[in-house]
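Spelled out, the chains give:
Protein chains: 2
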Amino acid sequence: MAVYTDVAAEEVAAFIAGYDVGELLAYKGIAEGVENSNFLVHTGRGSFILTLYERRVAEADLPFFLALMEHLASRGITCPQPVKNRAGQTLGRLAGRPAAMVTFLDGLWIRRPSATHATALGEALARLHLAGADFPMRRDNALSVAGWRQLYAACGERADQVQHDLKALLAAELDLLERDWPQGLPQGVIHADLFPDNVFFLGDKLSGLIDFYFACTDTLVYDVAICLNAWCFEADHSYNVTKGRALLSSYARVRPLSAQEWLTLPLLARGAALRFLLTRLVDWLDVPPGALVRPKDPVEYLRKLRFHQKVKSASDYGVTAP
Amino acid sequence: MAVYTDVAAEEVAAFIAGYDVGELLAYKGIAEGVENSNFLVHTGRGSFILTLYERRVAEADLPFFLALMEHLASRGITCPQPVKNRAGQTLGRLAGRPAAMVTFLDGLWIRRPSATHATALGEALARLHLAGADFPMRRDNALSVAGWRQLYAACGERADQVQHDLKALLAAELDLLERDWPQGLPQGVIHADLFPDNVFFLGDKLSGLIDFYFACTDTLVYDVAICLNAWCFEADHSYNVTKGRALLSSYARVRPLSAQEWLTLPLLARGAALRFLLTRLVDWLDVPPGALVRPKDPVEYLRKLRFHQKVKSASDYGVTAP
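Protein sequences, first through last, are from chains A and B.
All residue numbers for the first sequence refer to our numbering, where the first residue is 1 and numbers rise by one.
All residue numbers for the second sequence refer to our numbering, where the first residue is 1001 and numbers rise by one.
Keep in mind the hints are simulated off the structure, nothing from the lab.
Since this is a predicted model, take the numbers as computed values, not measurements.
In this text, a Cβ means the ideal position worked out from N, Cα and C, and glycines have one as well.
Errors might be hidden in some of the hints.
[Claimed, not checked] Keeping only pairs whose Cα atoms sit at most 20 Å apart, straight-line, the calculated EDC-like set for lysine to aspartate or glutamate is:
1) B:1310 x B:1178
2) B:1084 x B:1006
3) B:1205 x A:11
4) A:205 x B:1010
5) A:312 x A:180
6) A:167 x A:157
7) A:205 x B:1023
8) B:1167 x B:1023
9) B:1310 x B:1236
10) A:205 x B:1011
11) A:310 x A:180
12) B:1167 x B:1283
13) B:1205 x A:10
14) A:312 x A:297
15) A:296 x A:180
16) B:1205 x A:23
17) B:1296 x A:6
18) A:296 x B:1023
[Stated by the list, open to error] Chain A residues, not near chain B, derived (Cβ > 10 Å throughout):
19) 10
20) 26
21) 32
22) 78
23) 89
24) 106
25) 108
26) 137
27) 160
28) 163
29) 312
[To be verified] A few chain A residues that don't get close to chain B, going by computed Cβ distances all over 12 Å:
30) 8
31) 107
32) 203
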């Protein structure tokens, strides 16, 4: 969590003048987002988030992300809405970087989500998938099954430094998932990173979804599997069947899952666990000595992967498939 | 610039519930202040800054700082105004730390202040000194002449690592200032750290003063000397006589300086330069290898000190003393 780029008031004011949002009243660098520099901006017309995209986000992908947020907002999804400048564009440049301004969303993220929160999340995820159905742009998921071997190549040799025999486990899991990964399931826009810190609540009511910078075109139920991992395990890594049931059944009430989607859920959940295990492992092994930011623990996702390896069917997640 | 303490929404909401400010709608850790953790908070009643005081601020001093902001705000100075909780107190506890909430001030700080900004600053500083005249509390300035020998002891031996012969220069300057430091000048509340990043503007109009955590009871014109150093030198370290004249004459229009104050200004400016040279030197020499935050350059203040050593009278600053 950091602000990477420091921008002078004079520069921000000149940038804001290109938008019809009133005078710049204040801006503060906020400690949010690992990938970009974010500023909370107050203008005569309200609050906005100004984002400067740093090198880890591919500039070519920005039109997809911004157009997606516009599309979803127009379909009633509460997400940051890109603001158009006077030239009608959502993407500009500030301090030598691509930059965009989006509406500010009120809300708080919940550190220890309850089953009530999981219910709200399941419904919001299904609505997101439905709202994205007619989004015309496409972006491949570089972090799905086709991308995992490359991640494994970057960290496999050193994986045993983190846990004994981890390299062999990763290799076997990767072989299995590459062989059995399901084809032909319903596809569409997925968020792909809908962890609790990207979901805002006011009280028990879900008030917004943020951070669409991993969004892509992929298997919809894979997004459900990512959320199952991110929302339904306890701090001790045990699966909470009440939260799982809450998430899955509320999702299915809004967007019913096919028999094939229920059937493949355990395999997709293994895939989702492997994806975060691999990326966390790469980050963990890449940390320079003495760094201030400690990356997220990969072992958390190893535990989740092992849980899913033992799951026989979706009913182990707490839901009886129709 | 960092947020040191991470606080969960649940904790912030519970803290905010102790105040009559409406429901917590959002909070963001902001990259502001080196000493404390600061959050920009949105509630049903508006925007606030929530500060968690970290170890570098003495808890015993907090009542002084908070009462001072209340006092100044009640006298018409635009500064953050501490909010009282339902028990009538401005100081509370959050995440095991002393914590306070103050009103949010709109405004931007100016990286390259002009003479117009220096004029506004001079007037605001004088108004601050007048408004503080009847503030009943007292806090000694640990970073004035009586505290410098201790700072010198902490960095003098290694000073020559930064610049050849710096140790000898510091020793001689310290001897001279300890011997000649003026007594009996008008005293009162001084801000003691009124650098451009602590002064907000909207356009050319000064909109607020922030960060009173170095405020103390000391010689008023010493505060003017600190501002002369902080506002009236260019990036190449040369003194800008137009800005100096602007600051000093606008200050004196609101609070006229006595003949004795004008006379001692060059010596006080040397002292102000030595104070920031010493503290920056301590920070510079204390940085662990590989640290992400680069401390401020002490040499900037060595150049300012050398300028003031050659000044013969206040007229060298651009103002003819009455």
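Hints, one by one, checked against the model:
| no. | hint | result |
| --- | --- | --- |
| 1 | B:1310 x B:1178 | 19 Å, holds |
| 2 | B:1084 x B:1006 | 23 Å, violated |
| 3 | B:1205 x A:11 | 18 Å, holds |
| 4 | A:205 x B:1010 | 14 Å, holds |
| 5 | A:312 x A:180 | 15 Å, holds |
| 6 | A:167 x A:157 | 7 Å, holds |
| 7 | A:205 x B:1023 | 14 Å, holds |
| 8 | B:1167 x B:1023 | 56 Å, violated |
| 9 | B:1310 x B:1236 | 18 Å, holds |
| 10 | A:205 x B:1011 | 18 Å, holds |
| 11 | A:310 x A:180 | 16 Å, holds |
| 12 | B:1167 x B:1283 | 16 Å, holds |
| 13 | B:1205 x A:10 | 14 Å, holds |
| 14 | A:312 x A:297 | 27 Å, violated |
| 15 | A:296 x A:180 | 29 Å, violated |
| 16 | B:1205 x A:23 | 14 Å, holds |
| 17 | B:1296 x A:6 | 15 Å, holds |
| 18 | A:296 x B:1023 | 32 Å, violated |
| 19 | 10 | 7 Å, violated |
| 20 | 26 | 5 Å, violated |
| 21 | 32 | 6 Å, violated |
| 22 | 78 | 13 Å, holds |
| 23 | 89 | 25 Å, holds |
| 24 | 106 | 4 Å, violated |
| 25 | 108 | 4 Å, violated |
| 26 | 137 | 30 Å, holds |
| 27 | 160 | 27 Å, holds |
| 28 | 163 | 27 Å, holds |
| 29 | 312 | 36 Å, holds |
| 30 | 8 | 4 Å, violated |
| 31 | 107 | 6 Å, violated |
| 32 | 203 | 8 Å, violated |
When the structure is compared with the earlier hints, violations turn up for hints 2, 8, 14, 15, 18, 19, 20, 21, 24, 25, 30, 31 and 32 and for no others.
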